[in-house]
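Chemist: Next come the chains, spelled out residue by residue.
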Amino acid sequence: MKTYLHILLAGLLTFAATQASAQTKFKRRGRFVEEQLERKEETPSYAVGLEKTTGSLPVLAFRKQTIQTLHMVKMYETIVEVATLDDTKGPVYRERVEPQVVPGELMAGERFIKTETIDGGPFANETFRIGDIEITTDKDGLIVDTHQRLLAPFDQIARNSAEITITHATMGEKKFVITRDLLKKPTSVQRAVDADAPPAYDLLESLGLDFTQLRQNGKDGLVISYKVPESVKAGKTSKITIDIANHGTLPIGTVLIRAFSREPWLNGKMFYFGNIAPGKKASFTREIVIPDDKRTEVSHVAFAEWNLLGNQPEKTQTFKITRK
Amino acid sequence: MQKTILVILAITSLLLLHAQEVEAPPQPAKQEEQVATSQKRLRELTLVELDKKNHRAREAGEIAAKFKSISTIQNIDLRITEYLRLQKRIAKLQKEIQNANHRQADLAEEIRAGLLDTKLSIQESERLVECRQYMDEFARAQRLMTLQLKKLNDNIQGLILKLPPPSTFTTRSGLKMRLVGTLPNAFYISENCVPDALFDEVRTARALQREPFISANYPNTNATASYSQAVAFCKWLTSYEFNTYVLPDIKQLQILPDFNALPEKAIWSTTVWAPDDVNYSRAVERFGIKFQTIWDPQHLLSDLEYTGDLPDASYKNLGFLVITHVKTGIRQRLEMLMKAVNDETPEKETEDNK
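Chains as they are written, first to last, in my numbering: chain A, 1 to 324; chain B, 1001 to 1354.
Don't read these hints as lab results, they were simulated from the structure.
EDC-like, lysine to aspartate or glutamate: derived pairs with alpha carbons at most 16 Å apart:
1. 64(A) - 126(A)
2. 1327(B) - 1241(B)
3. 1088(B) - 1154(B)
4. 233(A) - 287(A)
5. 1316(B) - 297(A)
6. 1176(B) - 1241(B)
7. 236(A) - 293(A)
8. 175(A) - 163(A)
9. 1290(B) - 314(A)
10. 324(A) - 292(A)
11. 315(A) - 1312(B)
12. 320(A) - 1312(B)
With the sequences and hints as input, model every part of the structure.
Modeler: Below, the structure written as structure tokens:
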């Protein structure tokens, strides 16, 4: 009896050892099965960009977002290599190793992170900062740039883009790029966008203006009228509106008017009109902020036009503004 | 019978009348007398020419002596006046030589014709030859004197032009101009900004197509003019003064402090405003706009000494000065003194020449 038990125990131990040896030595990864979510993190965030509008005031649109960070792992089949007796090759004992899938058992592979952004709709009544200026969205998550601060960087004719940084008290900052493409190429020759760059929005497009280069451009027929205040109050704001109308038979392309003045608060103001079809009109308004400088009582400003055919010096008009 | 007598008397009367009309042929003695008179006349005329020639020589000598003394005169205007008076005397003398040449040419012709007379005695012939020699001598002397006077005149002209320009002068339109800078780069600039009284009057006159009324004195308030208007004023001034007047450029304005000529107002210049600003230069290139440089040493328009503004801008503290070449002052002084000398009476000249 004792001997039998010893033999049985030895056999069991041998079998266990064999199995254990088989597991540690022969388990390997097989085919890919699936990705599994290990854990999920959610971070509240927001998105901001330029909203398509018309008129002279850019509009920022804010949307709620939830940034889901998914910690994923790739799962693979578990393969075990089992040694069996190969009796096909005659009486000599030979082993044959066969891979076998361990049913119900998966092996973890590479871990990776997936980020998904879930749109949460307009971000209404929320406060953000651009520089040191606090702005609050309306019920539609929009902020109308009534003081045209987004137009200001592009009053430098040489500047074609500006990076804007928006900051939220808890959700951190977002950057996006506003471009100003004065001679837009047709869609077929648009340049590829860098995927890693911050999102870009064209200012003129957002204002509903078309600055695509035309093949045919009219020469005559553009009528320009100005609404320039004759007098302004120091320390206050006022507006200058330019209305144009194309009375010609051809479109007039990429119409642009710039203010020239010795006064920094007048100089450089750009008025955008884009392509004007025959019979169409357009209008653009800029806000001017009159300084409290009492030295000069009179200011002069000239408005000069440029279109696809080049500058139009004969259309330049000069105005006098009296400060009170 | 009576009839016969009457006929005879009539015929006799007729014959007597005819006899009076017919001259008797000249006698040889009378002819000789006429020839002698002619020769005498020629000799007398020759002597007259000699006398005049000596007078001219004395005058030329006085002119030369006077010329030497003028250089010692310190006062430039007085010196120029004396030079001009001298030129006037030279011109008069040259005229006299010219007239003498004509007279002597006629006289020489008469002498030549006289010498052809075969009935001349040797003595008479010798006298005529002597007269002819005088004529030749006169001609040589007059040619020489003409050359000398021309040379002296040119010399005087050169000396006048070399004299320093006047430090100030007043234009026909009443602007007081002063000399600034160092020769040969000196120029005249208006002492004050163009006054608004003159500017407004010119603008009104041009609009009405009439001549402007020019005042001797203008109140010292500067014209509030844009650059474009200032340029138009200069064009008018140039045509009115018959000399070129323009606006100064910045380099010309920058020397004014060295001559204690700092203007009280900001001043337009012809220099195009070109700051070192890429944005500005691209904008002006694209839109075809130009700013003009304003010099504002008193900082009336801004905190900057130099600024640029639109050509159509105008401010009450911004005026303009006009400049003209140094030759304008020289020419203007010369014209004024020349007129004074030309208006002098001969007695005045004689009085001054003593």
